[in-house]
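Going down the list, the sequences are from chains A and B. Residue 88 in the UniProt record's numbering sits at position 88 of the first sequence, and the numbers go up by one each step. Residue 2 in the UniProt record's numbering sits at position 2 of the second sequence, and the numbers go up by one each step.
All clues stand as given, with none of them false.
No copy is singled out in the list; a pair is fine if it fits within one copy or between any two copies.
Calculated pairs, EDC-like style, for lysine to aspartate or glutamate (alpha carbon to alpha carbon, straight line, at most 20 Å):
| # | residue 1 | residue 2 |
| --- | --- | --- |
| 1 | K117 | D43 |
| 2 | K84 | D43 |
| 3 | K142 | E169 |
If you're looking for bench data, these hints aren't it; they were derived computationally from the structure.
Number of protein chains: 2
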Amino acid sequence: MDFIIRAAKPEDCKDVFRMTMELAVYDKMPDQVKISHKELEKDGFSANPLFQCFVAEVPEECRSKEGYTKVGYALYFYTYSSWKGQSVYLDDLYVMPEFRGKGIGNALLSKVATVVKEQQCVHLRLTVLDWNTPSQDFYFSKGARDLTTSVGWHLLTFDGEALDKLAKEAPKN
Amino acid sequence: MDFIIRAAKPEDCKDVFRMTMELAVYDKMPDQVKISHKELEKDGFSANPLFQCFVAEVPEECRSKEGYTKVGYALYFYTYSSWKGQSVYLDDLYVMPEFRGKGIGNALLSKVATVVKEQQCVHLRLTVLDWNTPSQDFYFSKGARDLTTSVGWHLLTFDGEALDKLAKEAPKN
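Pulled out of the complex, with its shape left as it was, chain A reads as follows (with noise of 0.2 Å):
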């Protein structure tokens, strides 16, 4: 299939976010979307933007049934490891159900891949849910590591009514 992997613009922000949702239903998170394309468009398109994306385009002839030409999307950001220096981060790797199984995930993943060389980063990391064995798959047969499961790194968060409490301890100095 004919696609191309091209850099987002402000006007792609509709379809990315739809597409946000879809993977946040995937993901089986769907409440955990609390943002719209709005700040997408603000949030990404500014003078210092807070994020990078590339989507996946293909020809009028081959839209999906709904009539979408965008059909995937990777979203990412840098990020700085005291150890390493600059590096980036992955939020979202996502191919419409219709058009996976044609090289689209593939080629976006690795168009990231390139910005990190260019940008002589280390690394390029990303997490994943421990159910989802099929990203799993692609990933580690593109030469991914589990850094949680090989090394023992866990995620945490501070949210909520912990990081209120938290905050209203800083000392004030």
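Since the structure of chain A is provided, determine the placement of chain B on it from the hints.
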């Protein structure tokens, strides 16, 4: 014990790097440190800093056995979630062993939490090693949730040859 928490300056990078090494030794991964204080200076104090940092400083009369007055640090950066918008990731939180149990780690963590709230971010995330129960106990006592054990998020990485190979597969368009 008297101490202050303040934003790091370029001239603190030698001390931050020293403590980064101490932390890597504690984490049993000293070989993972690939950058020096010069990179920290460049990366953290340019026009578009790649990270932010707080240092904990004690008065001269309380200095460490080796004569250090900068005895802890918290290094963090901004991240993004397509579901929740901007957020903060705490890369390192460290207090020198002889200064632990005096509220310095708590003050550093709380200072970062104030940034999270001021910037209207929804969460503060970090990773911790599964064998590092002292750090886990500290974070859990402050209300952190383990997203690996509770939700199933695993951290994956592409680096070295796998990353090189991935980048070479990218479509040229």
